[in-house]
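K.L.:
Each chain is listed here by its residues.
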Amino acid sequence: MFKLNCLLLQRCSNNVKYAIAIRKESGTVSKEKWDIFAAVCLERKPVITPKLNELEKEYEELSKTIEFERSVKSDFELRHESEVKNLEILKKGGELDVEGMLKQTAQDLKDSWSSEARQFQPADRITDADKKNDGKSLKRKLDKHLVFVTNQTIGKDKFYLLPQGSRQDGETLRQTAERVLKSIVGDELKAQIYSNAPIGFYKYKYPLEVRKENNVVGAKVFIYFARYLKGQLPQKLDYKWLDRMELDKTLPTPYKNSVQQFLIDE
Amino acid sequence: MSINNLVTNLSRLTIKSLPITRWVHSSNPLLFKTTPILLGEPLKKKKRMDPAIVRAREERKKKKLEKAIRKLEKHARKLKPIGECEIPFDLLDTLNERKRSLPALSSEILDKRALLEKRWANYKREQRLIDVQMLDRIQYSQQRALDELRKESEELYQEAIQPDLLLMPYKVEGPVETPPIENYKSPDGDYKDVSKVW
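If you read the sequences in order, they're chains L and V. In terms of UniProt numbering, the first sequence is residues 1 to 266. In terms of UniProt numbering, the second sequence is residues 1 to 198.
Calculated from the structure, these hints are not laboratory results. A hint or two may mislead.
[To be verified] Listed next, the in silico PhoX-like pairs over lysine-lysine satisfying Cα-Cα at most 25 Å (straight line):
1) L:K203 to L:K190
2) V:K124 to L:K144
3) L:K45 to V:K62
4) L:K132 to L:K64
5) V:K185 to L:K139
6) V:K112 to L:K256
7) L:K85 to V:K74
8) L:K33 to V:K151
9) L:K230 to V:K124
10) V:K171 to L:K182
11) L:K110 to V:K99
12) V:K62 to L:K57
13) V:K61 to L:K45
14) V:K80 to V:K62
15) L:K205 to V:K151
16) V:K151 to L:K64
17) L:K73 to V:K185
18) L:K158 to L:K203
19) V:K112 to L:K57
20) L:K230 to V:K185
21) V:K118 to L:K51
22) L:K220 to V:K151
23) V:K171 to L:K64
24) L:K220 to L:K132
25) L:K220 to L:K131
26) V:K99 to L:K144
27) V:K171 to L:K190
28) V:K185 to L:K64
29) V:K171 to L:K139
[As the list claims (entries may be wrong)] From the derived model, a few chain V residues whose C-beta atoms are all more than 10 Å from chain L:
30) L38
31) E58
32) K71
33) K74
34) K80
35) C85
36) R119
37) R137
38) Y140
39) Q142
40) A145
As the structure is a prediction and not an experimental result, all values here were calculated from the model. For every residue, glycine included, the Cβ atom is placed at its ideal position computed from N, Cα and C.
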């Protein structure tokens with residue numbers, strides 16, 4: 001524990017150092033020109049709870065038994081007990097009032113209820129989309145966070161990246177992010193961007209010819225975080241919904257690190 | 001009254017409208033002269049009240065107010081009753097019947113439970129530490145993005161650090177045990193809310 005705490009402290013102090021370094025740097029005016037891009041990390045929250053691990057299952061069992069031990073009997077249990085007693089009296093040849101005989105016993109009720117409950121089939125936790133491994137479906141991997149990526153051409157190569165676009169004059173970065181998202185996912189899909197501030201950052205340099213031609217060094221991508229609310233995506237689009245593992249495999253390497261830095265662990 | 005006024009006005013009228021005409025008499029005419037009626041009368045005597053009665057009345061008013069204040073204060077302190085927190089009397093009366101007669105737990109089971117509790121506490125602590133680190137990592141990422149933005153443009157940075165007002169009525173539907181069934185129709189009847197309104 002001590003080790004972990006130390007690590008934590010180190011992490012925090014790193015942040016402070018970093019912030020100070022940035023202050024100093026910002027004093028000098030940068031002559032390099034960079035394109036400003038806004039990207040949106042659109043995420044779907046898990047629909048169902050993740051599976052419990054061994055320890056969690058064990059502890060769940062324990063807390064259930066402890067709760068039972070501490071509880072007192074309910075009206076229904078009392079009724080059941082008295083009915084059992086009455087039955088015994090009847091077997092021994094005792095007399096009982098007819099009223100008690102005609103009623104449905106507690107055991108009968110319990111049986112009918114449990115048979116009714118057995119008839120209900122909850123939906124499967126593994127969906128058709130999981131079986132087909134359909135990367136486009138929102139119904140896949142219901143217990144995971146899914147991130148939206150689209151196929152994009154950067155230079156000559158194609159990558160699966162977060163939807164991104166360059167900033168136009170007169171726009172705030174948030175407006176750019178909203179415009180970019182809408183232009184890619186269409187009007188049907190509803191998503192909410194969280195906060196006016198970007199959550200992640202990535203920069204890359206253009207190839208030398210382009211740099212000389214446009215007098216621009218590269219692009220700075222500011223990533224906004226958005227949450228999927230409802231709606232469907234246009235079918236023509238080449239996109240994927242990926243969980244953390246798949247994201248790790250799909251995204252190009254330096255970009256991946258920037259994205260993973262602000263994503264919640266699973 | 002009105003006639004009186006009329007007469008007064010008329011008398012003045014005659015004075016004003018009197019042109020220099022021929023007089024039969026050598027002296028000025030006497031004309032009518034009236035004075036306005038004051039309609040005054042001696043003031044009525046104020047009824048004298050018994051000071052004891054006055055005091056009693058004021059006292060009664062004061063008491064009434066005080067009572068209202070006390071009532072308000074009493075209600076202000078009283079919270080909404082929570083059904084689950086108040087044990088009904090019939091349950092309290094039959095408490096002895098309701099107790100379960102379970103066999104006492106062996107020391108083995110108790111040991112096992114204690115160990116599980118310890119393992120659980122450890123597990124939760126580790127989870128917590130990982131969470132804190134994760135939050136720190138995310139914060140770091142955001143701070144880096146903001147700093148880079150500031151380097152590019154102070155204006156954009158100022159826009160970015162504004163609070164997001166759209167976020168505020170915030171609603172989340174949490175993860176559930178099994179996924180919702182599509183087009184599922186609930187077999188039971190209408191939903192009726194029977195909770196009391198306080």
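K.L.:
So, for every hint listed, does it hold in this structure?
P.N.:
Cross-check of the supplied hints:
1. L:K203 to L:K190: 28 Å, violated
2. V:K124 to L:K144: 21 Å, holds
3. L:K45 to V:K62: 63 Å, violated
4. L:K132 to L:K64: 37 Å, violated
5. V:K185 to L:K139: Within the cut-off at roughly 20 Å; holds.
6. V:K112 to L:K256: 44 Å, violated
7. L:K85 to V:K74: 50 Å, violated
8. L:K33 to V:K151: Roughly 11 Å between the alpha carbons, so the hint for K33 of chain L and K151 of chain V holds.
9. L:K230 to V:K124: Not OK: K230 of chain L and K124 of chain V at ~34 Å, beyond 25 Å, violated.
10. V:K171 to L:K182: 22 Å, holds
11. L:K110 to V:K99: 21 Å, holds
12. V:K62 to L:K57: 67 Å, violated
13. V:K61 to L:K45: 64 Å, violated
14. V:K80 to V:K62: 30 Å, violated
15. L:K205 to V:K151: 17 Å, holds
16. V:K151 to L:K64: 56 Å, violated
17. L:K73 to V:K185: 34 Å, violated
18. L:K158 to L:K203: It holds: about 17 Å lies between the C-alpha atoms, which stays within 25 Å.
19. V:K112 to L:K57: With a Cα-Cα distance of about 15 Å, the restraint between K112 of chain V and K57 of chain L holds, given a limit of 25 Å.
20. L:K230 to V:K185: Holds, because 21 Å separates the two Cα atoms, which is no more than 25 Å.
21. V:K118 to L:K51: 22 Å, holds
22. L:K220 to V:K151: 11 Å, holds
23. V:K171 to L:K64: 31 Å, violated
24. L:K220 to L:K132: Between K220 of chain L and K132 of chain L the Cα gap is close to 37 Å, so the pair fails against 25 Å, i.e. violated.
25. L:K220 to L:K131: With Cα atoms ~39 Å apart, K220 of chain L and K131 of chain L exceed 25 Å; violated.
26. V:K99 to L:K144: 44 Å, violated
27. V:K171 to L:K190: Since the Cα atoms of K171 of chain V and K190 of chain L sit roughly 14 Å apart, the hinted pair holds (cutoff 25 Å).
28. V:K185 to L:K64: Violated, because 32 Å separates the two Cα atoms, which is more than 25 Å.
29. V:K171 to L:K139: 21 Å, holds
30. L38: 82 Å, holds
31. E58: 59 Å, holds
32. K71: Check passes; 39 Å lies beyond 10 Å.
33. K74: 34 Å, holds
34. K80: The assertion about K80 of chain V holds, with a minimum of 26 Å to chain L.
35. C85: At roughly 16 Å from the nearest Cβ of chain L, C85 of chain V sits farther out than 10 Å, so the non-interface label holds.
36. R119: Given a closest Cβ separation of 6 Å, the condition is violated.
37. R137: 6 Å, violated
38. Y140: Check fails; 5 Å does not lie beyond 10 Å.
39. Q142: About 5 Å separates Q142 of chain V from the closest Cβ of chain L, which leaves it inside 10 Å; violated.
40. A145: Contrary to the label, A145 of chain V does not stay out of reach of chain L, its closest Cβ about 4 Å off (not over 10 Å).
Hint compliance for this structure: hints 1, 3, 4, 6, 7, 9, 12, 13, 14, 16, 17, 23, 24, 25, 26, 28, 36, 37, 38, 39, 40 are broken, all remaining hints hold.
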